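The chain contents come next:
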Amino acid sequence: MTQTDSTAALRAVSGSRAPANGLLGRVRGSLQQFLAFASLIVILIVFSLLSPHFFTPTNLVSILTAATVTGILALGTTFVIITGGIDLSIGTGMVLCGVMVGVFLTFWGWPLWLGIAAAILFGGLLGFINGFNVSILGIPPFIATLGMMLIASGLSLVISGTRPIYFPDQPDFQNLMNLSIIPGVRFPLGVLIFLIVIVIAAFVLSKTTLGRYTFSIGSNEAATALSGVDVRKWKIMIYTMSGLFVGLAGVLSASRLSSAQPTGGLGLELEAIAAVVIGGTSLQGGKGSIIGTVIGALIMAVLTNGLRIISVPQEWQSVAVGVVILIAVYLDMLRRREQTNR
Amino acid sequence: MADAARGTSETPLLEVRGATKRFPGVLALDDVQLELRKGEVLALVGENGAGKSTLMKLLSGIYTPDAGEFRLDGEPVEFTSPKQAQELGISIIHQELNLMPDLTVAQNIFIGREPRWGGWVLSERALNAATRKLLARLHLNLEPTRLVGSLSIAQQQMVEIAKALSYNARVLILDEPTAALNDGEVEALFDMLRHFVSPSTAAVYISHRMQELARISDRITVLRDGQYVGTVETADASTQTIISMMVGRKIAVDRRPDVPERLGPTVLSVEGLSTRDLLDDISFDLRGGEILGFAGLMGAGRTELARAIIGADRTTAGTIKVHGEDVAIHRPSQAAAAGIGYLSEDRKKLGVLVDRNVRENVAISSLSRFARAAGVVDTRAIDAVTRVQIETLRIKTPSTTQLVKYLSGGNQQKVAIAKWLVRDCDILIFDEPTRGIDVGAKEEIYALVESLAAKGKGIMVISSDLPEVLRMSHRIAVMCEGSLTGILANADATQEKLMELATFRSDESVVSQ
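Sequence order for the protein chains is U and S. Residue 120 in my numbering is what sits at position 120 of the first sequence, and the numbering runs on without skipping anything. Residue 5 in my numbering is what sits at position 5 of the second sequence, and the numbering runs on without skipping anything.
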């Protein structure tokens with residue numbers, strides 16, 4: 001074979017359809033995020049037109065505040081979902097971490113910083129147990145975290161004696177979430193923490209080995225393992241990290257209410273998962289982004305807030321959110337079907 | 001290409017002696033040898049089930065051998081895991097690609113070995129630069145930042161090969177790499193292979209395509225039924241020689257079916273059936289009382305044809321007539337309604353419900369027949385019908401309520417057949433009906449299929465076992481890479497002829513009645 005021939009043949013393989021496919025592939029990949037972002041803008045505009053009280057600095061900050069706790073849960077669980085897993089224990093796990101803050105600060109009288117750090121680490125422990133159960137024991141993520149959801153829910157009640165725990169010794173604790181850091185506007189510290197955590201999560205997902213293996217495991221777990229990546233170890237790390245986010249959300253939630261409430265939390269995991277899915281992360285794994293999840297969390301918060309401002313009864317707010325989730329996932333399915341039929 | 005004769009004086013790069021691997025009920029490899037010389041491309045050929053893939057899985061550490069000696073550069077080695085085999089310099093490109101579609105080319109190639117700062121922060125720039133360098137060395141014009149899922153199969157294969165070579169592989173094993181490639185892509189692959197093979201490296205090339213072997217390989221090793229048959233210099237071997245080595249004489253076909261003199265009317269007409277990925281303009285007729293065998297090698301498209309006929313896969317062209325009338329089949333339920341029953345090759349997954357009992361399985365395709373008012377199922381009627389089937393098909397089961405998983409493979413197959421008989425299907429498609437069934441039970445299945453044909457049913461039998469096809473079929477259709485390459489009457493068919501049709505993509509198909 002002559003050199004020219006072989007070069008031509010090589011070009012035939014490597015060059016074929018490259019530009020069109022590459023561009024199209026990239027556009028498709030971010031289409032869901034674009035749609036989510038566009039819907040967020042549309043929803044913002046609609047509510048602004050419907051009510052003069054909606055698009056005000058105060059209300060926008062209160063939307064951000066409302067998005068903070070669910071948003072942080074959603075950030076952590078984005079990693080888990082990209083691996084193709086699921087974490088149902090984040091809602092009640094968060095409540096348990098809140099109770100643990102109460103135990104550390106009020107029952108045991110630990111210093112503020114230590115109590116907070118310990119509660120976040122406690123969340124990491126819950127995540128580690130989830131990761132161990134999924135990865136080493138091989139329990140399907142849905143079941144493993146369903147078990148943890150019930151365990152956490154029960155433990156919160158047992159540990160707290162079914163009563164809220166207040167923070168009489170630590171009056172500063174509530175500042176963690178509520179302290180206004182910008183004079184004039186009520187911009188709470190908690191929202192700043194949310195923003196910082198977003199940046200950290202985005203960095204970890206896109207720039208670190210942990211993030212890379214998160215995508216890789218979700219894309220093809222067997223191939224990842226065959227490539228010499230210790231999939232079991234990384235899955236434990238991913239669930240543990242999600243647990244740390246749960247711990248932080250628990251701390252912020254207790255701070256916001258100035259008390260650790262041992263009930264509630266159930267359903268919050270689904271809200272967080274909904275935010276992740278609306279943001280374009282695929283429940284089948286392999287695809288997703290932090291910015292998508294943030295947009296998803298904001299859409300949920302804006303909808304709830306806006307519907308309340310235009311006086312839609314609370315029952316209907318839930319219906320609206322449900323419809324949004326169905327539409328978002330259907331769009332994702334459409335995209336996926338088109339890809340497989342390509 | 002390196003001179004094959006030169007290698008004889010040197011220590012072989014890779015040597016296998018007495019490799020044996022047993023699976024429950026099957027001796028997959030029996031005392032097999034292999035010698036891979038430095039600087040050569042060794043082709044490994046054999047029929048389906050000859051043991052090629054098993055041997056390669058031993059070499060790449062996926063399976064552990066029951067016996068056997070392995071030497072790399074003359075040194076005894078053991079292959080304990082894919083990673084360890086890779087570190088020893090053995091890389092395998094599997095038929096089904098092992099890539100992460102959602103990652104980029106560069107991310108795929110260096111997965112687990114990414115350039116990083118401080119141990120955990122990735123350097124995407126260094127990653128892409130390293131990939132660019134590697135791809136340039138391999139003369140591949142791929143963009144490192146492209147998502148692998150957006151590449152063609154050929155390009156994905158290139159990525160996989162680039163990944164293998166980035167481990168500094170010395171032995172590259174390719175398992176039917178050209179199955180999904182067009183001619184230009186095959187050229188590029190060969191080119192890459194020629195670049196790869198140097199005085200210190202070698203490749204094992206598994207393929208069914210005889211013409212390709214002549215062009216790319218130095219020597220050819222033939223396996224048959226898990227045993228080593230022999231190795232020949234490609235230059236000295238004719239295609240006929242290779243085929244007779246593959247087929248062998250061991251399986252003199254002792255029995256042929258009694259082909260009925262008169263068949264019934266045509267029950268199934270397939271005209272110009274095509275699918276997007278594989279099937280290309282398939283046409284044939286099936287008559288009542290006829291057993292039409294489908295021979296071909298793995299990936300020839302026989303199962304895909306069956307799936308297309310029953311509407312499990314989407315077709316792009318073609319018509320299907322049942323009893324002379326056009327039928328639109330887009331879903332398996334419509335095929336069942338038209339009287340076409342399909343018995344999957346994957347019996348446990350797609351054929352029977354292993355965790356349910358015999359009578360539930362028998363009735364599953366015709367439940368509406370047994371439903372009384374309000375959809376309540378008439379268990380007694382089902383039981384009666386099941387008893388009849390147990391008797392006629394001689395299904396060995398203690399009761400109608402035995403769980404199917406406790407039956408033998410042959411009896412599970414009979415339960416699957418009973419399901420379609422109860423449904424009153426006139427056309428039955430058997431996909432590898434004797435897979436995983438022991439020898440004694442096979443004859444029973446053959447007899448059963450014959451008796452069904454004698455009752456006027458039109459029967460398609462897909463089988464990868466040539467003697468089995470010859471044993472059962474009145475006519476034999478041969479497929480190769482999605483095309484029907486010929487239909488032979490049983491009397492005209494020999495194993496050699498069938499193998500020739502199955503390995504050659506010929507434009508002139510042989511059709512005889």
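Note that these hints are calculated values from the structure, not bench results. Some clues are possibly wrong.
[To be verified] Each computed EDC-like pair below joins lysine to aspartate or glutamate, with the alpha-carbon atoms no more than 20 Å apart:
id : chain 1 : residue 1 : chain 2 : residue 2
1  : S       : Lys83     : U       : Asp169
2  : S       : Lys83     : U       : Glu315
3  : U       : Lys207    : S       : Glu87
4  : S       : Lys396    : S       : Glu443
[What the hints assert, rightly or not] Now the in silico label distances, taken between C-beta atoms and shown as ranges:
id : chain 1 : residue 1 : chain 2 : residue 2 : range
5  : U       : Ile309    : S       : Thr316    : 34 to 40 Å
6  : S       : Gly375    : U       : Ile136    : 43 to 49 Å
7  : U       : Leu60     : S       : Ala129    : 42 to 48 Å
8  : S       : Pro199    : U       : Leu121    : 32 to 38 Å
9  : S       : Gly118    : U       : Pro168    : 52 to 58 Å
For clarity, every value in this text was computed on a predicted model and none was experimentally measured. By construction, the Cβ of each residue, glycine as well, lies at the ideal position given by its N, Cα and C atoms.
_Need the status of pair S:Lys83, U:Asp169: alpha-carbon distance at most 20 Å?_
With Cα atoms ~56 Å apart, S:Lys83 and U:Asp169 exceed 20 Å; violated.
*20 Å Cα cutoff - pair S:Lys396, S:Glu443*: Holds, because 15 Å separates the two Cα atoms, which is no more than 20 Å.
*Would you say the C-beta atoms of S:Gly118 and U:Pro168 sit inside 52 to 58 Å of each other?*
violated (44 Å)
*Can the restraint linking U:Lys207 and S:Glu87 be considered satisfied, given a maximum Cα separation of 20 Å?*
violated (27 Å)
*Quick one: are S:Gly375 and U:Ile136 within 43 to 49 Å, going by C-beta?*
Given about 45 Å between the Cβ atoms, the range holds.
_Hint consistency between S:Lys83 and U:Glu315 [alpha-carbon to alpha-carbon, up to 20 Å]_ = Not satisfied, since the Cα-Cα distance of roughly 56 Å exceeds 20 Å.
*Is it true that the C-beta distance of U:Leu60 to S:Ala129 lies inside 42 to 48 Å, as the hint says?*
holds (43 Å)
*Could one say that the CB atoms of U:Ile309 and S:Thr316 fall in the range 34 to 40 Å?*
violated (53 Å)
*Has the hinted range 32 to 38 Å been met by the Cβ atoms of S:Pro199 and U:Leu121?*
Once the Cβ atoms are compared, 58 Å apart, the range 32 to 38 Å for U:Leu121 and S:Pro199 is violated.
Violation of the numbered hints given earlier is confined to hints 1, 2, 3, 5, 8 and 9; the remaining hints are satisfied by the structure.
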